[in-house]
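Participant: Protein chains in written order, with the working numbering: chain A, 7 to 239; chain B, 7 to 239; chain C, 7 to 239; chain D, 7 to 239; chain E, 7 to 239; chain F, 7 to 239.
No lab work stands behind these hints: they were computed from the structure. From the three backbone atoms N, C-alpha and C, an ideal C-beta is built for every residue, glycine too. Among the hints, erroneous ones may be present.
To be verified - Not everything, but these chain F residues come out facing chain E in the computed CB check (under 10 Å):
1. Glu43
2. Ala174
3. Gly206
As the list claims (entries may be wrong) - Just a sample of chain F residues kept apart from chain D, beta carbon distances all over 10 Å, derived:
4. Val22
5. Glu24
6. Asp96
7. Asp99
8. Ser141
9. Glu154
10. Glu180
11. Glu209
So the chains spell out like this:
There are 6 protein chains.
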Amino acid sequence: MRARELNWMHVEEYLVREDRVVLPLGSTEQHGHLSLETDNILAERVSAEAAEPLGVLVLPVVPYGLTPSFAAYPGSPSLRLATYVALLRDLLDSLYGQGFRRFLLVNGHGGNLPAGALAREWAGEHPEAQAIFHSWWSSDRVLATAREIDPRPSHANWFENFPWTRLAGVELPEEPKPALDQGAYRVAGPAEVRELLGDGVFEGAYELPDEQVERVWQTGVEEVRELLEDGWR
Amino acid sequence: MRARELNWMHVEEYLVREDRVVLPLGSTEQHGHLSLETDNILAERVSAEAAEPLGVLVLPVVPYGLTPSFAAYPGSPSLRLATYVALLRDLLDSLYGQGFRRFLLVNGHGGNLPAGALAREWAGEHPEAQAIFHSWWSSDRVLATAREIDPRPSHANWFENFPWTRLAGVELPEEPKPALDQGAYRVAGPAEVRELLGDGVFEGAYELPDEQVERVWQTGVEEVRELLEDGWR
Amino acid sequence: MRARELNWMHVEEYLVREDRVVLPLGSTEQHGHLSLETDNILAERVSAEAAEPLGVLVLPVVPYGLTPSFAAYPGSPSLRLATYVALLRDLLDSLYGQGFRRFLLVNGHGGNLPAGALAREWAGEHPEAQAIFHSWWSSDRVLATAREIDPRPSHANWFENFPWTRLAGVELPEEPKPALDQGAYRVAGPAEVRELLGDGVFEGAYELPDEQVERVWQTGVEEVRELLEDGWR
Amino acid sequence: MRARELNWMHVEEYLVREDRVVLPLGSTEQHGHLSLETDNILAERVSAEAAEPLGVLVLPVVPYGLTPSFAAYPGSPSLRLATYVALLRDLLDSLYGQGFRRFLLVNGHGGNLPAGALAREWAGEHPEAQAIFHSWWSSDRVLATAREIDPRPSHANWFENFPWTRLAGVELPEEPKPALDQGAYRVAGPAEVRELLGDGVFEGAYELPDEQVERVWQTGVEEVRELLEDGWR
Amino acid sequence: MRARELNWMHVEEYLVREDRVVLPLGSTEQHGHLSLETDNILAERVSAEAAEPLGVLVLPVVPYGLTPSFAAYPGSPSLRLATYVALLRDLLDSLYGQGFRRFLLVNGHGGNLPAGALAREWAGEHPEAQAIFHSWWSSDRVLATAREIDPRPSHANWFENFPWTRLAGVELPEEPKPALDQGAYRVAGPAEVRELLGDGVFEGAYELPDEQVERVWQTGVEEVRELLEDGWR
Amino acid sequence: MRARELNWMHVEEYLVREDRVVLPLGSTEQHGHLSLETDNILAERVSAEAAEPLGVLVLPVVPYGLTPSFAAYPGSPSLRLATYVALLRDLLDSLYGQGFRRFLLVNGHGGNLPAGALAREWAGEHPEAQAIFHSWWSSDRVLATAREIDPRPSHANWFENFPWTRLAGVELPEEPKPALDQGAYRVAGPAEVRELLGDGVFEGAYELPDEQVERVWQTGVEEVRELLEDGWR
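In isolation and in its complexed conformation, chain A is listed as follows (with noise of 0.2 Å):
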């Protein structure tokens, strides 16, 4: 249930029987030839999938996350820690105040780990309220089903592109891309990040058969569904 098909008086109604939500975090950034606003999209439809039947509301992806690793690809604005843990807070603090009571913030960037951090300074001012942040695409239940299919799950690589990121008329290479030299990522600033990185990609294939990414997808819309349905205390 997306906010975008609701009105307030739904909203109203909803809050009599019901205090979940899902505010889906993204980040506008370089996912290689896929789409910039893939996090935004996987997070805003794996919550949208995994709410559906439970009616559970999810509201509007935030669509600008923490990326200054990407800052010398263009189209990845990055906003500071300080400003992203504020923004969350006040969306916490709103939600809140209309009487939602558990929230479910579920990622889709690797960059926005701080937001953990935040739900959880928050939950602990909040004590009748609970905040689970989720990666979805991170879990041990993701990774694991991913890498039964490739042993190399990742950003912006066969991982990430589903029919809903990859952009029309864009062709992938068809080589996977040489593993990414983790201890020179550690270090590199955003002129060696493009330099290390090249297209963006890490590493591993670019693209594989939709069934078998769809077995990855249906993985995380479950995983998210089931902590909706049961994750809380």
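Once you've looked at the hints, dock chains B, C, D, E and F against the given chain A.
Facilitator: Relative to chain A, chains B, C, D, E and F alone:
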């Protein structure tokens, strides 16, 4: 040209010849019987339609804004002013660092006006950049067009009721809403705002024929397009 | 009743029967040939004259505001938006803690408009308080009175030229200034603003007979007084 | 030379030959039987008298400062420390951008001492600028002069009781106030401060003959003038 | 080489030939039966032992971090995320200004992970600097070594129980603690965390023979040393 | 009783009967020929010795403070004032939430004085708490004792030269340093401070016999102890 349909290589090519970008500003909030995302939809769509023939890049709408007065309407999360200002500053800084120089902030929500002050402040610190803040619906030109149709274009009434903001299955009152008591609104807190507005619409007719609102829309699109073409120094 | 003429015992007595207070908001900045303190003088004076017969307390004007566009005119210090918002929030919090409940912010400077958003935000968090932000010179009523006299009341022209803002020994141009190019102004940075405005006056006549500007003044004073009396909920 | 009596052209001419400026720092707060604006009046006036023969520019006093300990005395609004620091930083940044290089902050209120730390911090970041923080009343020299007259010059007693801070029609106690219990004051919250201080005066005589306080005043004015002349590197 | 044993002249000489520095990050917080300063001790000590043979400077540990989840355990003060980020930014800025260019942040506390995001952000703004964030105990290598010894190295259990973190006279439970319910922990507020953890240990054995934990320790020291030597670009 | 030697169960027992806590405030910075951690060492040690016989808890010293004036001396990292204030506020808030009510901030560094203003501000918001800020070395009593020994106790001279702050193998100048030019120091930026101070010592003898400095030390310890015992309301 929406970011969603591009990858970073597209943007890199774009920046060779171009330095303009549109950032739509919205708000998820009560719009009476219309979608909670009305401001997001309108700001993003007016931007996209205006930019399309010019090939100018349109970023994802910032879907959360300043709407403390609607706090008593569930589904209306609000940022604090200090956070909103930091958010916009970060986006401008970051995009500037990636080569953009002319920023058009297309605003869809009255409460976001301080973004205009921020744009002034930020541009003052970046002599090579230009930043225009434009509330698409409240310009003299759009309001003049609207008032030819009906004297009271306003929040959540016919003036924001487009095929793309109205909700399936939601019936609208047939009688226009009585005029808003501006004096009472000025001093109303969230509880009084809700008491005063009831269904959230400020005043006037709930719906007018599509061909009439379409005229308003076209005026808005054209004005944004002209700003994009000729609004710069 | 100005704070300057009171001690705390007076205020304590005052608070037994009263909970209103006026906070004038100014800006130290270029006003063409007029005093750098024009906005401070006008905001404070209009407040004091309005409040006098009602016995309402008027605090010292906040003499620094938001004026980044005048950065190329020396003598125009500006606060950052984030700071200004914090400043007003602290004053409201602190005065609230001392018993005040109804706040009238009488603004003398166009750039300070975000103070209105802050007043909304703050009041939304304090259901027992009321905060009105009023730009004394730009209300429909004052502008209507002004336009009966001359069609272009504006920054630093006759509209702000009172016996108490003009400077001894400063001669004014006799010819009215040509109309401001609003489009150019919208996108002007500080250097362009200075180039565009030259002496700092926006447009129109530099001076009109005192009995005419006095009519504008009286309208402003009366409106502030009425707000103080009847503007509350 | 006060900003009030100048326009920006005057300041532009001034900056051709001069780069000094005085920023008086005050506080609106309880001063026993004296004006709530005592600190504002004294900081601004001592600055103006000192600067007058030198032709140095004096800006409007910052009329709100750090006075949390007087929260139980109505009419004593306080800024948070973080806000005050941001406010002073913005003013210094902004004035620096307009050509000023030597800043004398003339402070009238004990609680504002952190402004001195900010001045140090800010100056450390601007090697070409100099910023002196000077509490005019608490220098060795002024206190020595005062103590020749009476051993306990202090907050709101004779030491701040000048023809320009006392209020018409307010009678003062004839007996000096007993010595302040410094140990109790150190650990007092606002309620205990009020209980401890009663009328708000710290200790000592309420009033002394004008020719005596005038000696203190002249010492203060002279010292500020000497700083303006010879205090720089 | 610890700062404690140096004066500034030593550091000045050091900077002639060297630009590396280690900043250990700790947290004062519950560690079950172990010292409240366990994270401080370990982060500082692993840094010092690693840096010793290289002659690299180790700064004093930052002894307060992000630990909101342990709020119900007295003696566990926590910084807000926004503050922590500002603190680290200031230290990096300031040290950079004094000539350091390669920063190794050796972290001892899981809650401090956002420091890694800050290091990325800060380094992105300083192309000539490098900043590595390294949680010494949670690297693949250290965890692998630990799991060879016991499958559940974790907070406050044997994995942090060293001769230098255990307290004299404190007896430890002999039986290992049952496995932590990760799902419950994820959504636990401070009160639930305390209920869930009881004595504060997550799970597993409380103590193992020193020669075993010493192997873990040596692995940690070696890895930090290798990073200091070869981790840079 | 140092936090290092306790676990949380000890603190929980402590809080049953006690609500006092000591937070030492230091600074890592140039101290002439003495340890960069001189302020940390002294603040923590004077606290520990004072608290020992009373059984009061002493937290780890905050080892970074406000020292922008020493920026030209490597090894002197400084926090911004705004950050420092936030840091102390968080610690006080957090410790208050865990049951502490009486806070003694024992300060070892002159530049940290704004911490006193923060303590006042914070305590004003927490009527049930008490917060004392005490610069152990600059009290009337300690300075009087010191001046009986030598007229110029000062930064980094004999007055801070204890067996626990001096460095092995570092020779000190035998001649006392000439008096500091206070006027020059007041207006000095970091470069001028370094030029003015040379080796970083302000003035006076570099070293005095241990039995003499020990008298100063004992006075400092006793005064802190008395504050801990009798300084509260």
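Participant: Among all the numbered hints in the text so far, which are the ones the structure does not match?
Facilitator: none
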